[in-house]
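The working numbering runs 823 ahead of the 1-based position in the sequence shown.
Keep in mind that the hints are not guaranteed to be accurate.
Unchecked claim - Straight-line Cα separation of at most 30 Å, BS3-like style, residue types lysine-lysine; simulated pairs:
| hint | residue 1 | residue 2 |
| --- | --- | --- |
| 1 | K849 | K869 |
| 2 | K825 | K875 |
| 3 | K1013 | K860 |
| 4 | K869 | K825 |
| 5 | K875 | K1013 |
| 6 | K910 | K869 |
| 7 | K849 | K875 |
| 8 | K920 | K910 |
| 9 | K910 | K875 |
| 10 | K849 | K860 |
| 11 | K825 | K993 |
| 12 | K920 | K993 |
| 13 | K910 | K825 |
Unchecked claim - Pairwise CB distance ranges (calculated):
| hint | residue 1 | residue 2 | range |
| --- | --- | --- | --- |
| 14 | R967 | A894 | 34 to 40 Å |
| 15 | K869 | Q964 | 40 to 46 Å |
| 16 | K825 | Q934 | 22 to 28 Å |
| 17 | T974 | P1009 | 37 to 43 Å |
| 18 | I911 | S1003 | 29 to 35 Å |
| 19 | G989 | P1009 | 21 to 27 Å |
| 20 | H950 | D861 | 19 to 25 Å |
Bear in mind the hints are in silico, worked out from the structure with no lab data behind them.
If you're wondering where the values come from, they're calculated on a predicted model, not measured in any experiment.
Cβ atoms here follow ideal geometry from the backbone N, Cα and C, with glycine treated the same way.
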Amino acid sequence: MKGFYFITDANLSLAGNRSDVRAAVKAGASIVQYRRKDGTTASLYKEAMELKSLCGNARFIVNDRVDVALATDADGVHIGRDDLPVKIVRHLLGPDKIIGVTVRNLEEAVQAEEEGADYLGVGPVYHTSTKKDAGPPSGIQLIREVRNACTLPVIAIGGITPENAGEVIKAGADMICAVSATVAEPDVEKAVSYFQRLFT
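Construct the complete structure from the given sequences, taking the supplied hints into account.
Right, dumping it as structure tokens:
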């Protein structure tokens, strides 16, 4: 796992999720995460199927909703502290699907690895207004600590911009997410391309 990890956000998006996913995949994003907190299960399923069909070679991950991930045969699911335990999600999805876990400190990172997660979403690295319940920023020090203590890929998220992305990667992040700095930009493809190039 290396490169840019794209996350949808219909509330911030200027062009809509479909257009954003097309642009992100064209720019080389290797993972697309469908994140949506509102709407019926039926509407989430429908949109997830549409977005998955646009992903090409990029892996398609569903945020939180294990049922939607199962129904769409997504490549995996990303879960947080308040979601089902990793062990239960693994039982439901099977051995071949990707399970990512949000961690906010070293203890949670070590625990997620022990429980069988496939990657760690570490953050928020910096202050973010994208996710209201993100908690206080951890800074790049947590990236370094998790990188040294765990063998799983580290995905950094939270307040990442073109200005600070380089230091996040230098600290040990295998992938970075930057929601506001991509979907809220007039040219999503160009914005994603910038971040993607930092890994080459």
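A quick look at each hint next to the structure:
Of the pairs offered as hints, the one joining K849 and K869 holds, with about 22 Å between alpha carbons and a cut-off of 30 Å not exceeded. Straight-line distance between C-alpha atoms of K825 and K875 comes to about 20 Å, which keeps the hinted pair within the 30 Å bound. Distance restraint check for K1013 and K860: the Cα-Cα separation of roughly 27 Å lies within the 30 Å cut-off, and the hinted pair is therefore satisfied. For a cut-off of 30 Å, the pair hint linking K869 to K825 stands: about 29 Å separates their Cα positions.
For the suggested pair K875 and K1013, the alpha carbons sit about 21 Å apart, so the restraint of at most 30 Å is met. Between K910 and K869, the direct Cα distance comes to roughly 27 Å. Compliance with the 30 Å bound is thereby established for this hinted pair. At roughly 14 Å between alpha-carbon atoms, K849 and K875 fall within 30 Å of each other, so this suggested pair holds. Our distance criterion of 30 Å between C-alpha atoms is met by K920 and K910, whose separation comes to about 13 Å.
Distance hint between K910 and K875 is fulfilled; the C-alpha atoms sit about 25 Å from each other, no more than 30 Å. In summary, the hint linking K849 to K860 is supported, as the alpha carbons are separated by about 26 Å, within the 30 Å threshold. A C-alpha spacing of about 13 Å is found between K825 and K993, which places the hinted pair at or below 30 Å, so the restraint holds. For the given pair, K920 sits about 28 Å from K993 by alpha-carbon distance, which is consistent with the 30 Å threshold.
The straight-line distance between the Cα atoms of K910 and K825 is roughly 25 Å, inside the 30 Å bound, and the hint therefore holds. One distance hint, 34 to 40 Å for the beta-carbon pair R967 and A894, holds here, with the actual separation near 38 Å. In this structure the hint that K869 and Q964 lie 40 to 46 Å apart at CB holds, the actual value being about 42 Å. In this structure the supplied range 22 to 28 Å holds for K825 paired with Q934, their Cβ-Cβ distance being about 24 Å.
Separation of T974 from P1009 is about 39 Å and conforms to the stated range, judged on CB atoms against 37 to 43 Å. A hinted range of 29 to 35 Å holds for the C-beta pair I911 and S1003, which are about 32 Å apart. In this structure, G989 and P1009 meet the distance hint of 21 to 27 Å, their C-beta atoms being roughly 23 Å apart. The given range of 19 to 25 Å is respected by H950 and D861, whose C-beta atoms sit roughly 24 Å from each other.
In the structure shown, no violation is registered for any of the earlier numbered hints.
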